[in-house]
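In order, the protein sequences belong to chains W and E.
For the first sequence, this note's numbering begins at 888 and goes up steadily by one.
For the second sequence, this note's numbering begins at 163 and goes up steadily by one.
Simulated from the structure, these hints should not be mistaken for lab results.
Treat the hints with caution; some may be incorrect.
Said to hold, decoys possible - Chain W stretches covered by chain E per the calculated footprint, using a threshold of three residues with CB under 8 Å from any CB of chain E:
#1 912-925
#2 1129-1143
To be verified - To list a few chain E residues with every Cβ distance to chain W over 12 Å, as calculated:
#3 203
#4 210
#5 217
#6 242
#7 298
#8 302
#9 311
#10 321
#11 360
#12 454
#13 473
#14 493
#15 495
#16 506
Said to hold, decoys possible - Only some residues are given here: those of chain E computed to face chain W with a beta carbon under 8 Å:
#17 303
#18 466
#19 467
#20 500
Please read these numbers as outputs of a predicted model, since none were measured by experiment.
Where is the CB? At the ideal position from N, CA and C, for every residue including glycine.
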Amino acid sequence: MTTLMTPAIVSTVPGLNAPQPTPLSETKTLTMGKAINEGLRQAMLDDPKVVLLGEDIGALGGVFRVTSDLLAQFGARRVIDTPLAESAIIGTAVGLAYRGYRPVCEIQFDGFIFPGFDQIVSQVAKFHYRTQGAVRMPITIRVPFGGGIGAAEHHSESPEAYFTHTSGLRVIAVSNAQDAYSLIRQAIASDDPVLYFEPKRRYHVKGAVVPELGLPMEQAVIVRPGTDVTLLTYGALVATARDAALAAADEGVSIEVIDLRSLSPVDYAVVEASVRKTGRLVVTHEAAQSGGLGGEIIASITERCFSYLESAPVRVTGFDVPYPPAKLENHHLPDLDRILDGVDRVMGRR
Amino acid sequence: MIDFSPQLVQLLAIDGERKPRGDFDPWVEDLDGTALLALYRDMVVVRRIDTEATALQRQGELGLWPPLLGQEAAQVGSARALRSDDFIFPSYRENAVAYCRGVNLTDIVKVWRGNAQSGWDPYAVNMATPAIIIGAQTLHATGWALGAQRDDVDSVAITYFGDGATSQGDVNEAMVFAASFQAPVVFFCQNNQWAISEPVGVQAHRNIADRAPGFGIPSLRIDGNDVIAVMAATRMALDRARTGGGPTFIEAVTYRMGPHTTADDPTRYRDPAELAEWKTRDPVLRLHRLLQSLGQITPEVEATTAALADAAAAELRAGCIGMPDPEPLSVFDHVYATPNATLERQRTDYDGYLRSFATEHDSAEQNRKA
């Protein structure tokens, strides 16, 4: 036998004796990143079984600082800086969930989730079904996603469709500070596993945040009412879609913008009602087109309300290419003009 | 590929002789004749269950069965070392462990009959259901152990896996995490020499136990066909974990005497001489010899043991054949813990679809009667 190893020093805990930040108790203007931070803090205060796992989430506060100060407040037993192994981050979260914990895993970047993909798809998603409900997997997997930040390869991807295609998972994408705060709390409280996608190019956008849970996370939200076209999106493109709706209004086209929020399940009640009203549907996302969420939503809406459609629904998406180098990403990502071009097409204007 | 290197821990020789060893004997001091007889009975019963399940597969009552023939000592010896609050994360071959844990025999074969994706409530017996993705369960055990550590309890996680699994990233990541956090987990590797058709030499160029120290995890290489050594090593590892000593890796050197599963054909890749050699190391036979020398084996003991085994086999057979098929709409059950509108719509549609046949059938019946 080898000699007994001394326990590894997992994290230093700077500021453990510093004054404890108080949770959000009134409406405040916060960046989206800070709003998630406040949501995490509240969830950890609400339930001692909430633990965080991830790379660099402790002293550094995560590469995007979303977990800032949580190590100091809650200690290394609940804010766990892990070795660099995504499959193990997810796989140990499964074991913690088995023991009644509510782990929140941070995947550092979208493109880093794939080493953990097997544990997510084969274990996290299937345990409740496999055990006929005996074992619950209340795991939240936070994923900074999407492009537009001029990053290196594997740092700008939109892998959400892999997960919406996987039964047993819930998938959320937030677009603003308020939802970021409310939905991270809902995701953590959910007895189902939740993939929680954070649009990293909106981390620094500020918004008013009320310390409330708000609408259930599976509900889509009409962020701008309109009558001519339903423009459906999620994540970073919600802001772009609003801008497009403003621009279109100048040209006399009334766009109803829907922030999907929940990518699985999709709130078809809201989408269907909107399409029955407008008769036209444009779906936009950063992810590649083929096999993407846009195709699934359009197929479902076509099945449900074909006779209400005035024209063929339109997708405005990233191309079917690996995420391109930073100098090309503006060609790949749907922007205001490409969305308006899609609106023109669905309006039969070109 | 058989490698009984000198450092292999063995307390019970092939001829049934008890070999004293000062460093391990204190862990099995309590194993008197009665206790050894109980282990023997476990091993005989699980071998009988295993044989019966193979027969049930051949008769079409099970879709598949992964035999444990030859691994009885490794599984019984380790399982009987556990406390009831310790939690087991097995692969799919640990049916003797499940038996020792008190899992209902019918529940053991439920998954292999295709009636469910798992057969029992893990919390009822503190044993997870079979993990089919190779090595994935080692991470679950490590995570569970992190939880036990945070709960300030001295329960230990034990995970079972094979020699093939040691090539998986998950097993290696589990060892990294377990060492880093000094998690109370025991890695119990049954090196049964074969990963389907691949001999252990394909997985490892050195003894598998040699890997763990590189992760900072102490390891033991034991004779996995020696139930006494298995129990001693497992108890030692559990005690280390319980008292804050962190993880231990045990390589139990054993042999898969049967096929990988009932779908496998080892005659295509295995030398019969190898099997013949391992039959001389049979774990059940070896313990029987020791018990004989201790005067524990009487005609009455033989008869009651055989009766126990036959009763278990009969219970398994009856339970298996009598298992009702699941209801069609249960295909939708338990995908989520919370309501899901998309899935509910599919359930409603499929229910309507099934009912449409019932309606056609009913009206045809009515017409016929009229």
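The hints, checked one at a time:
Coverage of a stretch by a chain is defined here by at least three residues with a beta carbon nearer than 8 Å to that chain's beta carbons; for the segment 912-925 of chain W and chain E the count is 0, and the condition is violated. Only residues whose C-beta sits within less than 8 Å of a C-beta in chain E count toward coverage, and the segment 1129-1143 of chain W has 0 of them, not enough to reach three; the restraint is violated. Non-interface status of residue 203 of chain E relative to chain W is upheld: no Cβ of that chain comes within 12 Å, the nearest being about 30 Å off. Chain W leaves residue 210 of chain E outside its interface by the beta-carbon criterion, the shortest separation being 28 Å against a cut-off of 12 Å.
No beta-carbon of chain W comes within 12 Å of the beta-carbon of residue 217 of chain E; the shortest separation is about 27 Å. Look at residue 242 of chain E: its CB is around 22 Å from the nearest CB on chain W, clear of 12 Å, so calling it non-interface holds up. Some Cβ of chain W comes within 12 Å of the Cβ of residue 298 of chain E; the nearest lies about 6 Å off, and the non-interface call is violated. Remark: the non-interface label on residue 302 of chain E conflicts with the geometry, its nearest Cβ contact in chain W lying 4 Å away (cut-off 12 Å).
The beta carbon of residue 311 of chain E is not kept farther than 12 Å from every beta carbon of chain W, the shortest such distance being approximately 8 Å. A Cβ of chain W approaches the Cβ of residue 321 of chain E within 12 Å, the least distance being about 10 Å, so the stated non-interface status is violated. The Cβ of residue 360 of chain E sits about 21 Å from the closest Cβ of chain W, beyond the 12 Å cut-off, so the non-interface label holds. Every C-beta of chain W lies more than 12 Å from that of residue 454 of chain E, the closest at about 33 Å, which supports listing it as non-interface.
Annotated as non-interface, residue 473 of chain E keeps its C-beta farther than 12 Å from every C-beta of chain W; the closest such distance is 28 Å. Its closest Cβ contact with chain W, about 10 Å, brings residue 493 of chain E to no more than 12 Å, contrary to its assignment away from the interface. Separation of residue 495 of chain E from chain W is inadequate, the least Cβ-Cβ distance of about 7 Å not exceeding the 12 Å criterion. At the 12 Å boundary, the C-beta of residue 506 of chain E falls inside the reach of chain W, the nearest C-beta of that chain being 9 Å off.
Interface restraint check for residue 303 of chain E: the shortest CB-CB distance to chain W comes to about 6 Å, inside 8 Å, so the restraint holds. Taking 8 Å as the C-beta contact cut-off toward chain W, the hint placing residue 466 of chain E at the interface is violated, the least distance being around 35 Å. For residue 467 of chain E, the interface hint is violated, since its Cβ never comes within 8 Å of a Cβ in chain W; the closest pair sits about 34 Å apart. A least Cβ separation of about 5 Å between residue 500 of chain E and chain W falls short of the 8 Å threshold, and the interface hint therefore holds.
Of the numbered hints stated above, those contradicted by the structure are hints 1, 2, 7, 8, 9, 10, 14, 15, 16, 18 and 19, listed in ascending order.
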